[in-house]
Structure formats: C-alpha cells, structure tokens
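Participant: In case you want the letters, here they are:
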Amino acid sequence: MARADPGHVLTGSHYLDGDHACTEGALSAGCNFIAGYPITPSTEVVERFARRIPTVGGTFIQMEDEIASITAILGAAWGGAKVMTVTSGPGFSLMMENIGLGAMLETPCVIVNVQRGGPSTGLPTMVGQADIMQARWGSHGDYEIIALAPQSPQEAYTLTIEAFNLAEKYRTPVMVMLDECIGHMTEKVVIPEADSIELTERRKTDKPPGEYLPFAVGEDMIPDMAHAGEGHRYHITSLTHDEQGYPVMSAEVQDKLVRRLCDKIRNNTDEIVMLEEDGLDDADVVVLSYGITSRVARAAVDDAREKGLKVGRLRLLTVWPFPERYIRELAERVKAFVVPEINYGQLVLEVERCAAGRAQTILLPHMGGDVHDPAVILQAIEEAAS
Amino acid sequence: MPRREIRITGYGGQGIILTGYIFGKAAAIFDDRYSTMTQSFGPEARGSACASALVVDEEVIAYPYLRQTDVLIALSREGYEKYIDELNQDGGILIYDQDMVEPQELKGTIKMYGVPAARLAEELGKRIVQNIVVVGFATAATQLVAKDAARKAVESSVPEALIDLNLQAFEKGYEYFDN
Chain A
1073 MARADPGHVL
1083 TGSHYLDGDH
1093 ACTEGALSAG
1103 CNFIAGYPIT
1113 PSTEVVERFA
1123 RRIPTVGGTF
1133 IQMEDEIASI
1143 TAILGAAWGG
1153 AKVMTVTSGP
1163 GFSLMMENIG
1173 LGAMLETPCV
1183 IVNVQRGGPS
1193 TGLPTMVGQA
1203 DIMQARWGSH
1213 GDYEIIALAP
1223 QSPQEAYTLT
1233 IEAFNLAEKY
1243 RTPVMVMLDE
1253 CIGHMTEKVV
1263 IPEADSIELT
1273 ERRKTDKPPG
1283 EYLPFAVGED
1293 MIPDMAHAGE
1303 GHRYHITSLT
1313 HDEQGYPVMS
1323 AEVQDKLVRR
1333 LCDKIRNNTD
1343 EIVMLEEDGL
1353 DDADVVVLSY
1363 GITSRVARAA
1373 VDDAREKGLK
1383 VGRLRLLTVW
1393 PFPERYIREL
1403 AERVKAFVVP
1413 EINYGQLVLE
1423 VERCAAGRAQ
1433 TILLPHMGGD
1443 VHDPAVILQA
1453 IEEAAS
Chain B
47 MPRREIRITG
57 YGGQGIILTG
67 YIFGKAAAIF
77 DDRYSTMTQS
87 FGPEARGSAC
97 ASALVVDEEV
107 IAYPYLRQTD
117 VLIALSREGY
127 EKYIDELNQD
137 GGILIYDQDM
147 VEPQELKGTI
157 KMYGVPAARL
167 AEELGKRIVQ
177 NIVVVGFATA
187 ATQLVAKDAA
197 RKAVESSVPE
207 ALIDLNLQAF
217 EKGYEYFDN
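Going down the list, the sequences are from chains A and B.
The first sequence begins at 1073 in this note's numbering and counts up by one.
The second sequence begins at 47 in this note's numbering and counts up by one.
To be clear, the hints were calculated from the coordinates, so they are not data collected in a lab.
Just so you know, not all the hints are guaranteed correct.
[To be verified] Once the Cα atoms are required to be at most 35 Å apart in a straight line, the calculated DSBU-like pairs of lysine-lysine come out as:
#1 Lys153(B) / Lys1379(A)
#2 Lys193(B) / Lys128(B)
#3 Lys157(B) / Lys1260(A)
#4 Lys172(B) / Lys1379(A)
#5 Lys1379(A) / Lys193(B)
#6 Lys1279(A) / Lys153(B)
#7 Lys128(B) / Lys1260(A)
[As the list claims (entries may be wrong)] Just a sample of chain B residues kept apart from chain A, beta carbon distances all over 12 Å, derived:
#8 Gly58
#9 Gly70
#10 Ala72
#11 Val106
#12 Asp131
#13 Pro162
#14 Arg165
#15 Leu213
Backbone N, C-alpha and C define an ideal beta-carbon position, used for all residues, glycine too.
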C-alpha cells in the first residue's frame, strides 16, 4: 500500500461541510485532475478544489458542460492522472453515456453526485435520494458499478478516499452518492496524518512494450494499465474489444468481455461491501437506510428501543454492489425490513428481491425537499413489530 | 449539558451563517463536544431572510435538525416572527437585536435578552461585526459554549487582518451582558 502525500493532506480537526470534506478526501487520495461544470448543491466541492489545487499541484478545468467533464476525466486517467468529476442530478444524467465508456474502458475514476430533488431540475437547493437506481443502471448495456453513500462530512472525507482506492483496485468508475443534506451540513472532520492514509496504487503493467496486451487478465479478471505516452502500444475503443484492445464484432468476444466487466465486481461483492449494523442479534424489525436518511432512521430506532421494541439498524455505506447474500441471510431471521428513502421506492426493490418473501419489506417513501419525520419511521417500526 | 438546539435568523449579509458556524466550531473543535450546523439554502441573497440551525450535544448527533428550539437568536423582525413559535416555552432563550426586533409578550418561561448589537458594532467603527457582538453576548447569556472556545472559534474563522476587530466585538457583546 502506498501512503498519502503529506503535501496534499490537511491534517487536523476542521469544521467542514460535506462538500468541502469530499474535496479534502479527493486531495488526500492524490486526486490531481478534476473537470467539472458547476451545479447546486455540488459546486462547493469544485470551488474548494480549484482554490486548493494550485498549492498542491494539479489541474481543475471548468468545462462547457457535464458531457465534456466526464469525457475529460476519462482522458486524463489514461494520461496518468487520478481523476474525479462532481455534479448533481441533471449533470449526472448528461454524464451517463460516458460513464458507460468509463466502465467499458475500465478507467479508474470517481464521480460525485450531490443528490437533489428531481426529476429534471426539480429542487436545486433541496435534498433527494432518487438517483440511486440511475447510479446502477443509468448507462446502456451490462456493467457493474460501485457506489458509496456517506452519512456525514467525516464520511464524505473517508469514503471519497475509499472511492479512489476501489476505482484503482477494480479499474472502474466509482460513485460517491452524497446528498444535499450531507453536502451542506457542517460538522467536525478529523483528517489524519498522511502516513496513516493507505492508498491503492494504479495497476501498471510490468511487461515491456511488445509483450503487453492492454486487456489481458489473470485470475482476478482485472487488466493492468499502461499510460499513454509511456512507450507501450496503446489502443482503446468503446467497441467490444479483445485482449489487444482492438474491436472484434463477435458474440464470443462480447460474452467474454461483458462477463468479465460484471464479474470482476460481482465476484468481489463481499470484499467491496461496507455496512454498519446495530442491534440485529435479537431484532424482529430492521430499519435499512443509507446517506442522510440513516441519521433520521437512527433517531427513530432509538425512540423505538426506548419503547422496548426489538428493532435493529442496518446502514449501507456501499449501495452498489448490493449486499445480496447478506440481506438474504438476514431475511431468514427477521420479521420485516423498514426502508425509508428520499424517493418513491428504489433500493427497497433490491431489499424486496433479496428478502424474497421470507421477511416483509415496507417502503417509507419521501419525495424530497427535506428528510423524513422520525415519527413516521417510528410508527412504521411499531406497525411492523406488532 | 444535554442536547441543545439553536436557531439563528436574520437577513442575508448579517453573517447569520457565520454565527452558526462559529458556535458550532467552538463546540466541536474547541469545547470537546459534538455539533452539527445546517442552513436553509433557498434563493437567499443580501437583504432577504436567512437562517442557520445548530445542534450541540455531549453525544454523537444522529438527527441533525431541530425538533424544539432551545435558543433563538433573532437579528431581524421577519426572522423573529417566522421562528418565535418554535422556541421552547419551557425555559427557552430568546436573544435579539433590540433595534431590529420588538418581542411581544411571550408565553411560558422564555427568557429574553436584548442587545443593541448593530449600535455596539458601529461604536467599533464597523457595523459588519454586528454578528460577532451577538456571538459574545449570546455566549455570556446562554453558556452554550465556554468563553475561551467561542473566542478561539472567532479568531480562527475571520480574515487575519480583522482578528483584533472581531475579538473586540466579541468582548463588547460579552461585557454588555455582564453589565
């Protein structure tokens, strides 16, 4: 494991909002290139990056739009940079085609979406969690994605570093699904010493030019990279391609490539997934949540426990890949899942699929603009427990 | 001290967000407690209504929003009228700029403390430090955070060239309450 560069890391205790903490996470992770287009409520991330990056060494480009932003970071990654872009719903939609390109070209990159209410321009300054399915399925074709959901400015910092590490390890776009509440909430953020921050280095080939095949893989199904201009023959294409990176239009090559793009993540789900459980040992009811909603849920669960109800909490720090096996096993032991989300029912569909009728699944939708009333979650817990 | 919930309200340009930030920073960074500051993000601009909210606790804060306001700091009449009904009638504290807000007779056992913050700031030659006068005054009136923590938070949150002026404003507000 490599360690963070002390010159990039703002070691100490700070009072930061989630957007600024995300920027510091990116800097600690060694991010040296952001291309972005400002959009509320994400703009503070790039504002801080633009201010900080000249002192650290790197580039910020304000692009003409979000399509250009995602495209620029993919190119910069192939040129050797550690890259990120930042947006909110409407910009996220514009990025979708080339998020698929990032997945197809196995390009390590981080995409931050500070979610606001939608659809369309919706509620620019107010919260939503309705881009969760889009994060997974937004680009066409079969691919897998990794997406993380911080619940505090502190986690906006730590999970942004983790996003960079996962992007490098699995050579894939990784999404940080912030939300307006966390982005604009200010709390203490502790940034550790640089030498205690572990960073995953880029998978570079050790093969000499001439022997290197850009998309040849070993058992872990993840190819090693060569950066443009380093002497290796270099060809990448969005078309279905073979180990050399050349387009091949055949069912056989398609089968091999698509399986690999998906399985390199699917087969490592248990290793990738981060979740936090509390009081599940004797729980009848589990409240499953992510992002800001998990903090509202926690208040409701605390109230329910005071009333003597057997209720536990499950918080997903990793939203994608979804922890299928874990939910399937948990569904054998509990009566019901209560799933509050700031949308009209998205991740609940995954919970329902994995519970497969073995436990009841109760959606608590909230359309956005603010968070759930904890009393509504408490009431659902009481009904589920009775 | 158990969980306390604070609403700060006024109009854009008065430093409402910075006031919340300073109290929050004082608690979380210099007073060894937890704090969460949130703010309403509407089409706010200089001169229009503006509010920030702060939760301070000894324990990790799960729910970050206000359920019942313990302290209301009102620097505009509009803000006072919008939020006064949220203030806990049982021991809540109202801090207000007495040149901007004329409180009605309040229900329950709400304690009221007025300060001519804008005037005191003008005495220092800069009306812009009105909010820091309020930080000093409210620190003394509410004991929300230790005085030393509040001073350090002010010092580390304002431009370096203006630290002395802001610390003077803080002391002026603090002493106004003591007197």
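Participant: Compare the structure with each hint and give your call.
Facilitator: The hints, checked one at a time:
no. : hint                   : in the structure
1   : Lys153(B) / Lys1379(A) : holds (31 Å)
2   : Lys193(B) / Lys128(B)  : holds (29 Å)
3   : Lys157(B) / Lys1260(A) : holds (30 Å)
4   : Lys172(B) / Lys1379(A) : violated (54 Å)
5   : Lys1379(A) / Lys193(B) : violated (39 Å)
6   : Lys1279(A) / Lys153(B) : violated (79 Å)
7   : Lys128(B) / Lys1260(A) : holds (29 Å)
8   : Gly58                  : holds (14 Å)
9   : Gly70                  : violated (6 Å)
10  : Ala72                  : violated (9 Å)
11  : Val106                 : violated (9 Å)
12  : Asp131                 : holds (18 Å)
13  : Pro162                 : holds (29 Å)
14  : Arg165                 : holds (30 Å)
15  : Leu213                 : holds (19 Å)
Violation of the numbered hints given earlier is confined to hints 4, 5, 6, 9, 10 and 11; the remaining hints are satisfied by the structure.
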